[in-house]
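Participant: Chains as they are written, first to last, in the numbering used here: chain D, 436 to 671; chain P, 436 to 671; chain X, 436 to 671; chain W, 436 to 671; chain Y, 436 to 671; chain B, 436 to 671.
Among the hints, a few may not be true.
Since the list gives no way to pick one copy over another, a pair counts as held whenever it fits inside one copy or between any two copies.
With a cut-off of at most 25 Å between alpha-carbon atoms, the simulated SDA-like pairs for lysine to any residue come out as follows [stated by the list, open to error]:
1) K577 with T452
2) K582 with H505
3) K509 with L485
4) K488 with T508
5) K439 with R526
6) K601 with A645
7) K439 with S602
Note that these hints are calculated values from the structure, not bench results.
Number of protein chains: 6
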Amino acid sequence: MNMKRNELGLRPMSFETSFTTHPDGSCLVRMGNTWVMCTASVEHSVPPWLQNKNQGWVTAEYSMLPAATHSRTKREAVRGKQSGRTQEIQRLIGRALRACIDLTALGERTILIDCDVIQADGGTRTASINGAFVALALAVQKLQKNKAIATSPIKSAVAAISLGLKSGKVLVDLDYEQDSKCDVDMNFVMLEESRIVELQGTAEHAWFSAEEAQNMLAEASKAIEHIIQQQKEALA
Amino acid sequence: MNMKRNELGLRPMSFETSFTTHPDGSCLVRMGNTWVMCTASVEHSVPPWLQNKNQGWVTAEYSMLPAATHSRTKREAVRGKQSGRTQEIQRLIGRALRACIDLTALGERTILIDCDVIQADGGTRTASINGAFVALALAVQKLQKNKAIATSPIKSAVAAISLGLKSGKVLVDLDYEQDSKCDVDMNFVMLEESRIVELQGTAEHAWFSAEEAQNMLAEASKAIEHIIQQQKEALA
Amino acid sequence: MNMKRNELGLRPMSFETSFTTHPDGSCLVRMGNTWVMCTASVEHSVPPWLQNKNQGWVTAEYSMLPAATHSRTKREAVRGKQSGRTQEIQRLIGRALRACIDLTALGERTILIDCDVIQADGGTRTASINGAFVALALAVQKLQKNKAIATSPIKSAVAAISLGLKSGKVLVDLDYEQDSKCDVDMNFVMLEESRIVELQGTAEHAWFSAEEAQNMLAEASKAIEHIIQQQKEALA
Amino acid sequence: MNMKRNELGLRPMSFETSFTTHPDGSCLVRMGNTWVMCTASVEHSVPPWLQNKNQGWVTAEYSMLPAATHSRTKREAVRGKQSGRTQEIQRLIGRALRACIDLTALGERTILIDCDVIQADGGTRTASINGAFVALALAVQKLQKNKAIATSPIKSAVAAISLGLKSGKVLVDLDYEQDSKCDVDMNFVMLEESRIVELQGTAEHAWFSAEEAQNMLAEASKAIEHIIQQQKEALA
Amino acid sequence: MNMKRNELGLRPMSFETSFTTHPDGSCLVRMGNTWVMCTASVEHSVPPWLQNKNQGWVTAEYSMLPAATHSRTKREAVRGKQSGRTQEIQRLIGRALRACIDLTALGERTILIDCDVIQADGGTRTASINGAFVALALAVQKLQKNKAIATSPIKSAVAAISLGLKSGKVLVDLDYEQDSKCDVDMNFVMLEESRIVELQGTAEHAWFSAEEAQNMLAEASKAIEHIIQQQKEALA
Amino acid sequence: MNMKRNELGLRPMSFETSFTTHPDGSCLVRMGNTWVMCTASVEHSVPPWLQNKNQGWVTAEYSMLPAATHSRTKREAVRGKQSGRTQEIQRLIGRALRACIDLTALGERTILIDCDVIQADGGTRTASINGAFVALALAVQKLQKNKAIATSPIKSAVAAISLGLKSGKVLVDLDYEQDSKCDVDMNFVMLEESRIVELQGTAEHAWFSAEEAQNMLAEASKAIEHIIQQQKEALA
């Protein structure tokens with residue numbers, strides 16, 4: 436794949452829908468060399484705390500295949516637990532997807548999203564959100580096709596992007612090498628029309644100003660608008 | 436305690452230093468009815484991945500006592516693992532404290548921060564950071580007093596605050612009831628002079644704009660400036 | 436606090452009732468520098484094996500905050516399990532409290548006691564029992580006040596004390612330093628009027644005679660009588 | 436086996452030495468229908484905290500085979516952890532055996548005792564101690580035979596017995612049925628010459644007096660003297 | 436015991452029925468120095484996935500006592516999980532026993548088999564199957580005696596044997612020393628009349644031909660026929 | 436993909452080498468709708484028990500992505516442990532690969548194989564072995580290219596196939612539907628020239644004869660010969 440970034444600084448991106456056939460929705464998302472297999476599985480029940488509340492639920496699980504990283508990572512099933520990082524990411528993905536759907540209109544169903552990173556080169560959590568939305572939308576289309584629900588409960592597309600700050604300059608869609616050199620790292624999740632649903636900024640060895648945060652936010656809006664366009668094309 | 440908020444919207448706040456005597460630094464922080472026992476324990480070793488790198492480490496553990504919450508929470512030691520939420524919070528506290536200290540100047544030592552929530556009424560993670568900084572500073576003072584280090588490796592105070600957005604209005608230092616009603620919830624961690632080191636905003640059932648984010652950031656700056664002043668008085 | 440022992444050899448003792456506000460009963464007990472936060476939470480259900488037996492249950496959980504000890508102890512939630520020592524202690528506390536209450540008169544409720552050691556200086560298990568009784572009694576008072584039960588199911592106060600034998604001499608209410616030097620260590624739990632409900636004696640590097648056991652028992656009776664008086668004053 | 440109790444109230448007892456051949460010491464102890472396979476394995480190392488202290492260690496593990504009890508118990512290896520009861524018992528067995536041996540004279544070795552209950556009919560912890568002493572002594576004999584140590588580090592035999600109180604009457608060596616009906620349950624561990632090393636008394640639904648404790652202790656002394664005689668015959 | 440092998444190469448074998456008294460069926464099987472305590476416990480329920488299907492279930496658990504092996508093995512309950520080897524073996528035992536019984540005729544009951552290896556000298560999984568069948572048959576006899584079932588659901592005896600290949604020569608009923616020297620190791624499970632239900636062959640450092648597999652199979656048939664005869668005598 | 440089986444009954448098969456770029460060897464194997472991502476990671480160390488023995492090691496881990504199956508499977512990292520089935524399969528893959536390589540010639544290195552099933556339609560363990568061999572061979576080629584080793588330690592290709600017996604008829608390369616209907620299920624692992632290294636046959640609700648085992652073995656030989664040819668073409 437030609438790895439040239441576009442005018443917004445985004446790496447080449449693709450959404451391969453129906454990559455596998457068993458799940459209700461399946462999408463292999465590629466953002467540069469970061470590849471995530473995202474699937475959506477519909478279960479006809481809800482978690483205990485939502486029973487008899489006439490609403491559905493969307494939740495996510497995230498995992499990095501051991502050989503996805505530059506040097507192999509220990510398998511979490513062998514270690515016997517998910518790391519703090521994994522749990523943090525899958526909670527983020529779940530919140531992002533619940534922001535784009537009307538859980539009452541979904542009915543008493545759970546849509547379980549699995550994001551399994553096949554190859555990692557930076558931005559696995561934002562790529563996961565981008566692919567997960569496509570898988571979710573495919574599962575909803577299937578529910579509609581099967582007449583299980585009449586109208587789509589999806590209120591908006593949702594997408595995410597990571598940005599960094601390196602010597603005062605904003606970088607978009609960080610790959611692994613950029614990510615390890617940045618002073619500041621921010622992730623944004625937005626609905627259509629730049630409506631923010633999640634925003635996380637961290638400066639491990641530095642700090643940033645309100646103005647810099649604002650600049651990154653502006654760049655993120657443009658990138659997310661572009662990604663949402665790609666998602667829509669993939670779903671068309 | 437009189438629970439009236441001050442002109443910045445902050446609940447009454449206190450830092451009870453040297454609350455217990457065994458740890459190297461100990462502080463009971465109270466922000467309204469949220470009380471956290473923060474301690475700092477100095478260990479004369481570093482984690483394996485830092486060995487022979489001539490630097491120290493600061494890390495944190497967080498826990499909610501089972502009876503701290505409105506209705507009792509199951510004990511994590513009984514469940515056999517820390518929840519995703521707990522891990523997310525203790526990773527945040529650790530990053531916040533590492534941002535305020537020169538790890539090389541600290542030398543080959545680990546300062547382990549424990550934040551145990553004795554009573555919870557919203558904002559336990561931000562109160563933990565506020566109290567943890569005081570405990571950390573006390574432990575560093577002790578190292579200086581014992582001539583273990585000559586000059587303090589602490590570069591700046593660090594403090595944190597939570598803010599919310601309710602029907603477009605900014606609320607500061609959310610208590611439990613406010614927190615459960617807000618559309619948007621943001622946490623800020625800053626060094627002195629409004630230098631941001633961490634920023635997290637989440638909208639579970641709504642969304643927010645770039646302008647609203649900017650407004651919350653401005654309020655947060657003022658609140659954190661006030662908290663840092665209180666920390667300094669407690670340490671004086 | 437003035438740490439002078441009284442004429443029975445007991446360290447200064449205090450029961451701070453309603454230390455925190457969420458639990459049904461809450462008491463911070465101090466015996467010298469050993470401080471334990473004891474809370475009682477009422478649940479309107481019973482464990483599976485007691486269902487439909489027209490009786491209630493009282494059980495306890497115990498934990499040492501990591502920074503409570505002279506040198507920091509590893510957190511059990513991080514280790515992923517409670518130690519054998521922790522389990523042994525919480526089983527003891529549970530038995531002690533069940534001895535003082537009429538479980539049938541309690542009705543189909545569970546009272547869950549949490550004993551979290553904030554600072555440890557010997558005798559944490561006996562201090563836990565002393566404070567836990569106060570928390571339990573407060574929770575029962577609240578049930579009576581709310582008209583949930585008409586008369587108190589508590590049949591007697593219950594209290595505990597540790598004693599040691601050092602070169603043939605009986606020591607009462609051992610602090611950490613004494614405890615580590617004693618040849619023999621005995622714990623007693625009694626109801627009012629010196630009625631024994633639990634008694635445990637251990638000689639790690641020595642042994643003791645029937646007569647010595649009898650002597651320690653006599654001293655324990657007097658100490659426990661005094662503690663029960665303090666508990667009653669705190670509850671008045 | 437004829438199950439008639441002897442004049443001290445003890446059930447028929449036997450020590451089948453060298454029951455299995457791989458361990459350094461092996462003994463199948465039977466006290467009535469309670470059968471425990473006790474083995475001693477010598478390891479030529481000590482736990483980390485004893486390194487370079489010129490002494491050895493004795494420790495114990497206890498387990499109930501699932502089918503040992505009247506109704507099958509869930510296997511602890513399947514449940515993924517040892518119960519609080521199991522840990523309490525194995526800690527008791529370890530302390531009892533360390534009381535009878537000179538750890539310095541043992542040298543830098545660990546003797547690991549395994550007590551696996553093959554059939555349970557009350558008193559499994561006291562039977563375990565009785566059989567474990569025989570297995571330990573056999574392992575020490577083997578060390579002497581192999582010239583690894585010159586003189587035995589064992590200072591005294593050690594044995595244990597359980598007693599109960601039913602309507603004021605003392606019962607010795609309780610079987611399962613007696614145990615479940617007793618008001619009070621006491622376990623004693625003694626060296627030769629009635630030297631007490633451990634004593635535990637519990638009254639789940641009743642209480643007992645100092646005088647009753649003294650009576651049980653007197654009966655325990657006689658029973659233990661008899662058991663020690665049987666151990667010595669088995670080892671002769 | 437005289438350890439001379441018989442004309443088929445089998446070690447001396449015995450089935451001690453009703454070894455312990457609590458389980459519904461109990462058998463201590465000895466094949467040379469490999470001793471396994473096998474028990475069968477009848478539970479009047481079935482696993483969730485079999486509910487309302489008018490059939491029963493047979494399943495097995497396997498464990499090696501720590502001191503059963505030449506050098507002591509770490510206890511699985513202490514390690515907190517069963518090893519892959521243990522799980523592989525207990526799955527094999529379960530399949531073998533389900534092959535010999537009509538689960539519908541058994542009715543809605545679960546027979547839980549426990550195989551606890553008391554002494555290990557090679558072939559513990561095959562000895563377990565041989566003893567487990569006897570325990571199972573005894574439990575079924577008891578169900579018939581209690582009129583819980585009219586006719587036995589057991590369709591055939593089932594037995595197992597291990598064979599090895601050493602320098603082209605077939606060895607039967609491998610002991611530990613033989614097992615560690617063989618190039619190829621095969622286990623066979625058969626019903627009466629040489630009907631194969633399970634067959635597993637492994638060559639860790641070598642390989643084998645179709646012809647060699649056939650030779651081992653022929654020897655296994657004869658050995659299993661002999662074992663089944665012994666099982667029937669024990670059950671008579 | 437055209438899913439027509441070939442004249443040996445095998446489903447269409449493909450080996451996509453260098454599917455991902457981080458691991459030392461990477462291969463996506465497809466056998467019909469069963470897809471497994473197999474990778475090989477070289478580590479420059481050996482497990483503790485092989486240290487200073489002048490040899491290397493090959494081991495494998497296996498996992499089914501949750502959405503790979505017809506109905507979603509619970510994630511093992513969430514359940515906190517690998518199932519018995521998973522462990523059984525990864526032990527099999529490890530043994531198969533160690534059979535094809537000279538561990539001494541490999542030198543003190545560990546080659547860690549990961550087999551992650553992306554889509555499952557029967558025969559995941561045998562497909563894993565087929566793809567794992569290709570990944571292993573690629574990693575060895577890379578070691579040779581980097582001059583880390585002079586000559587390849589691989590002695591032969593290794594491949595595997597599953598067969599079934601349905602009403603006496605042999606079926607090859609079972610898909611999920613066939614697998615669930617077969618009376619007997621056999622897996623074969625062979626080196627070149629029909630040299631058997633592993634053979635496992637199971638009859639859950641039926642049995643099979645020596646003659647039927649022999650017939651399956653003959654079919655397996657032909658299928659494996661064909662697979663090995665495909666592996667060689669992929670590696671050419």
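Participant: Could you figure out if K582 and H505 sit no more than 25 Å apart (CA to CA) within one copy, between two copies, both or neither?
Facilitator: between (45 Å within a copy, 21 Å between copies)
Participant: With identical chains, the pair K488 and T508 could be close in the same copy or across copies; at 25 Å between alpha carbons, which is it: within, between, both, or neither?
Facilitator: Between copies only: 23 Å across chains, 41 Å inside a chain, cut-off 25 Å.
Participant: Given a CA cutoff of 25 Å, do K577 and T452 count as a within-copy pair, a between-copy pair, both, or neither?
Facilitator: within (13 Å within a copy, 34 Å between copies)
Participant: From the Cα coordinates, with 25 Å as the cut-off, is the pair K509 and L485 best called within, between, both, or neither?
Facilitator: between (35 Å within a copy, 19 Å between copies)
Participant: Evaluate K601 and A645 at a C-alpha cut-off of 25 Å and name the case that applies: within, between, both or neither.
Facilitator: Answer is both; intra-copy 16 Å and inter-copy 22 Å each pass.
Participant: Could you place K439 and S602 in one of the four classes (within, between, both, neither) given a Cα distance threshold of 25 Å?
Facilitator: For K439 and S602, only the intra-copy Cα distance (23 Å) is at most 25 Å; the inter-copy one is 43 Å.
Participant: Are the CA atoms of K439 and R526 at most 25 Å apart within a copy, between copies, both, or neither?
Facilitator: So K439 and R526 fail the 25 Å test inside a copy (32 Å) and across (35 Å) alike.
Hint violations for this structure: number 5 only, all remaining hints satisfied.
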